[in-house]
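Asker: For the sequence shown, position 89 (counting from the first letter as 1) is numbered 89 according to this note's numbering, and the numbering increases by one without interruption.
Don't take every hint at face value.
[Said to hold, decoys possible] Pairwise CB distance ranges (calculated):
hint	residue 1	residue 2	range
1	Ala44	Lys77	20 to 30 Å
2	Asp113	Glu26	11 to 21 Å
3	Gly22	Leu116	33 to 43 Å
4	Arg19	Leu116	32 to 42 Å
5	Lys77	Pro43	16 to 26 Å
6	Ala44	Lys104	26 to 36 Å
7	Arg81	Asp113	24 to 34 Å
These are calculated hints, taken from the structure and not from any lab test.
All C-beta atoms in this analysis are idealised placements derived from N, C-alpha and C, irrespective of residue type, glycine included.
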Amino acid sequence: MIDDFEAKGKRKKLVEELRHKGINDEEVLRAVGKVPRHVFMDPAFLIHAYVDKAFPISSGQTISQPYTVAVQTSLLKVERRSKILEIGTGSGYQAAILAEMGAKVYTIERFRDLYLKAQTT
Numbered sequence: 001m002i003d004d005f006e007a008k009g010k011r012k013k014l015v016e017e018l019r020h021k022g023i024n025d026e027e028v029l030r031a032v033g034k035v036p037r038h039v040f041m042d043p044a045f046l047i048h049a050y051v052d053k054a055f056p057i058s059s060g061q062t063i064s065q066p067y068t069v070a071v072q073t074s075l076l077k078v079e080r081r082s083k084i085l086e087i088g089t090g091s092g093y094q095a096a097i098l099a100e101m102g103a104k105v106y107t108i109e110r111f112r113d114l115y116l117k118a119q120t121t
């Protein structure tokens with residue numbers, strides 16, 4: 001899946017929505033603005049990739065709502081070279097946000113299909 005001009009524009013709108021909802025950590029907002037959420041989602045939901053909602057991925061799991069990801073990430077106070085262990089890789093979106101912020105992310109997933117999909121994104 002390509003990261004095109006339209007997706008970049010939708011991410012920019014999502015960042016502004018998160019800012020309006022009270023997310024004020026500029027590094028978190030920068031990462032959300034850079035990581036293409038649509039590559040972590042099922043193609044059936046691509047048109048909704050930048051809506052602030054959770055969506056199913058597989059194995060009864062969901063890709064978290066961007067607001068939830070932003071709040072959790074803000075609470076971590078991530079610094080460059082932070083080492084983070086994530087239990088439950090899911091789509092890999094949260095790990096990608098953390099990595100974009102410069103963290104070294106270690107992640108564990110118990111569902112094989114999610115593990116294999118996350119390896120390719």
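Asker: If a hint holds in the structure, say so; if it does not, say that too.
Answerer: Comparing the hints with the structure gives:
A beta carbon spacing of about 36 Å between Ala44 and Lys77 contradicts the range 20 to 30 Å that was offered as a hint. Between Asp113 and Glu26 the beta carbons are some 35 Å apart, a value that contradicts the proposed interval 11 to 21 Å. Range check, Gly22 to Leu116: Cβ separation about 36 Å, and the 33 to 43 Å hint holds. For the hinted restraint 32 to 42 Å between Arg19 and Leu116, the CB-CB distance of approximately 35 Å keeps it satisfied.
The hinted window of 16 to 26 Å between Lys77 and Pro43 is violated, with their beta carbons roughly 35 Å apart. Taking 26 to 36 Å as the suggested C-beta distance range, the pair Ala44 and Lys104 conforms, at roughly 33 Å. Checked against the hint of 24 to 34 Å, the C-beta distance between Arg81 and Asp113 comes to roughly 31 Å, which is consistent with it.
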